[in-house]
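Asks: Sequence:
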Amino acid sequence: MKILLLEDDLMLSDILKEYLEVHFYSVFQVFTGNEANEMLYNQKFDLLLFDINVPEINGLNIFEKFKNLGFTIPIIFMTASTNFQEFEKAYRIGANDFLRKPFRLEELKIRIEYIEKNILMSSTELLKIDSKTSFHLINMYLIQNDRIITLPKKEAEIIKYFLLNKNRTISVEELVINIWEYASEPSIATIRTYIKNIRKKLNNLSTIKGLGYILKI
Numbered sequence: 245m246k247i248l249l250l251e252d253d254l255m256l257s258d259i260l261k262e263y264l265e266v267h268f269y270s271v272f273q274v275f276t277g278n279e280a281n282e283m284l285y286n287q288k289f290d291l292l293l294f295d296i297n298v299p300e301i302n303g304l305n306i307f308e309k310f311k312n313l314g315f316t317i318p319i320i321f322m323t324a325s326t327n328f329q330e331f332e333k334a335y336r337i338g339a340n341d342f343l344r345k346p347f348r349l350e351e352l353k354i355r356i357e358y359i360e361k362n363i364l365m366s367s368t369e370l371l372k373i374d375s376k377t378s379f380h381l382i383n384m385y386l387i388q389n390d391r392i393i394t395l396p397k398k399e400a401e402i403i404k405y406f407l408l409n410k411n412r413t414i415s416v417e418e419l420v421i422n423i424w425e426y427a428s429e430p431s432i433a434t435i436r437t438y439i440k441n442i443r444k445k446l447n448n449l450s451t452i453k454g455l456g457y458i459l460k461i
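Each residue of the sequence shown is one higher than the last, beginning at 245 in the numbering used here.
Calculated directly from the structure, the hints in this document are not laboratory data.
One or more of the hints may lead you astray.
Taking lysine-lysine and the BS3-like style, the derived pairs with C-alpha atoms no more than 25 angstroms apart in a straight line are [said to hold, decoys possible]:
no. : residue 1 : residue 2
1   : K333      : K311
2   : K261      : K353
3   : K376      : K397
4   : K460      : K372
Here are the in silico distance ranges between beta carbons for each label pair [unchecked claim]:
no. : residue 1 : residue 2 : range
5   : Q329      : S375      : 47 to 53 angstroms
6   : G338      : E262      : 26 to 32 angstroms
7   : Q388      : K311      : 31 to 37 angstroms
As the structure is a prediction and not an experimental result, all values here were calculated from the model.
We put the CB at the ideal spot given by N, CA and C, even for glycine.
Produce the entire structure from the sequences given, and follow the hints as far as they go.
Replies: And the structure:
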């Protein structure tokens, strides 16, 4: 799991990074709101771990902006503040969890594992698409009629995103925001080509005219 850690306390940031990397998480440190903004535009992450009161831009405001753009990255907020309004806003804008400092490192790990299991990966590595087709979430391949079908990287990422958001209409804009990095945004024609190729493998991927696509399971 790739984690973006926004924490302006350098010692705490290093402690969190070291602890999480021991448990096989990949952690990218930033110390200001502007640095977090830039990283979110240029890289993709599986989880955000944000302090709220950081220099330049408040952590809540950063997340709210990206949430409004269509980002669906889960987030855990951290704060030493006892301000209830911050707690309330965090959940109102879509926070997955909230930790008050100081907290035990083991508690953070438990909360990350919960998100990993229940939001990112589901309870199984293998997701069933239909009676003949499944998708392996870890290794990113299809199994169809007991045959493994390897996929180009972006096709696999799109299929995974549809599966984690099954039975919900996904716009082209949402796909682009959550799968491509800002500097490598694809054309509409490129998206359509990917969708066309995926449809050859998945019969239950449908177009909702004027809105986007839906994978019905």
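Asks: Work down the list of hints and note, for each, if the structure agrees.
Replies: Quick rundown of the hints versus the structure:
Only pairs whose Cα atoms come within 25 angstroms are accepted, and K333 paired with K311 is accepted, the gap being roughly 13 angstroms. With a CA separation close to 12 angstroms, the supplied pair K261 and K353 stays within the 25 angstroms bound. Between K376 and K397 the CA atoms are separated by roughly 22 angstroms; this keeps the pair inside 25 angstroms, and the hint holds. In summary, the hint linking K460 to K372 is supported, as the alpha carbons are separated by about 12 angstroms, within the 25 angstroms threshold.
For Q329 paired with S375, a C-beta distance near 50 angstroms keeps the hint of 47 to 53 angstroms intact. Checking the proposed 26 to 32 angstroms range against G338 and E262 shows it holds: the Cβ atoms sit about 29 angstroms from each other. For the pair Q388 and K311, the beta carbons lie near 35 angstroms from each other, so the given range of 31 to 37 angstroms is met.
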